[in-house]
Amino acid sequence: MREFLILFFLLAGVFFFTVSTIGLLRLPDVYCRLHANTKTDTLGIGLIFLSLIIYEGLSPVSVKLGIIGIFTWITNATSSHLVARASYYTDVKYFRGKRKDYDHS
Amino acid sequence: MWQERKREIICKIIVLFFFWLLISWDLDWSNLLLGFFFSTVISFVMSKELLRADESPPLLLRSHLLVNFVFALIWEVIKANLLVARIILDPKLPISPNIIEIPQKLKLPVTQALWGNSITLTPGTLTVDISDERILVHIIDEEIGKRIQQNPVQKILLKMEKVN
Numbered sequence: 144m145r146e147f148l149i150l151f152f153l154l155a156g157v158f159f160f161t162v163s164t165i166g167l168l169r170l171p172d173v174y175c176r177l178h179a180n181t182k183t184d185t186l187g188i189g190l191i192f193l194s195l196i197i198y199e200g201l202s203p204v205s206v207k208l209g210i211i212g213i214f215t216w217i218t219n220a221t222s223s224h225l226v227a228r229a230s231y232y233t234d235v236k237y238f239r240g241k242r243k244d245y246d247h248s
Numbered sequence: 374m375w376q377e378r379k380r381e382i383i384c385k386i387i388v389l390f391f392f393w394l395l396i397s398w399d400l401d402w403s404n405l406l407l408g409f410f411f412s413t414v415i416s417f418v419m420s421k422e423l424l425r426a427d428e429s430p431p432l433l434l435r436s437h438l439l440v441n442f443v444f445a446l447i448w449e450v451i452k453a454n455l456l457v458a459r460i461i462l463d464p465k466l467p468i469s470p471n472i473i474e475i476p477q478k479l480k481l482p483v484t485q486a487l488w489g490n491s492i493t494l495t496p497g498t499l500t501v502d503i504s505d506e507r508i509l510v511h512i513i514d515e516e517i518g519k520r521i522q523q524n525p526v527q528k529i530l531l532k533m534e535k536v537n
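Protein chains in written order, with this note's numbering: chain A, 144 to 248; chain B, 374 to 537.
So that you can see chain A by itself, here it is in the shape it has in the complex (with noise of 0.2 Å):
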């Protein structure tokens, strides 16, 4: 049962992780690329670090991967927001409207 559920955590974050590399390749442009990383990432990491959890059981390393996990959900969105900041103040071009509008750029 332990094991079944480890592997289902490290299989469904793996998973996510693919979602946000091929999300980054597909979208468009900065802001859409960064939704791809900050939402898939979040959830992609927090579920490995859960398996990983589980699999230390209780003890001083479960903690800390408790710690990092927090951490990479605060700096994870902090930092996206850094660089939608950043682009949006230097006037990186942006898309907007539906897709077909801009299919083939």
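Hints listed in this document are in silico derivations from the structure and should not be mistaken for laboratory results.
There are no misleading hints in this set.
Covered stretches of chain A, as calculated for chain B (at least 3 residues, CB under 8 Å):
1. 164 to 170
2. 177 to 189
3. 201 to 207
4. 211 to 220
5. 223 to 230
C-beta atoms are modelled at their ideal positions from N, C-alpha and C, and glycine is treated no differently.
Could you slot chain B onto chain A? The hints should help.
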């Protein structure tokens, strides 16, 4: 003035020292001494920049709201992931991005920061800029923009501001 500053520095030393203990997980005396030394030096050097202490209601009064907030946020993150994953894996890539402006309802800097980060973590929205009057939000799909204001996280944060 000096009294206040001293209190702030001592608070910082305690916080940093406990954090050091949590990370190093070692009660050897040399380790404790090293941690105490570094937390003292850092609190004095960074006394202006790091961890500014503001007057606020006691944490106990808000702790249940804080727990509510964390669980609501985790739920929103899971929903966000499923939504974004569906958009990315869709062969047609159904996005209609835009940058919109929504009014800022929160007043305290702490809750504003929490709300900004929550927007970034919730479905299809990304905080671009934040001020006392408005928040600039990048949305990945037009429909999502209309739903930002009904986010349960914001309600919890508004309640948190009222506790006094």
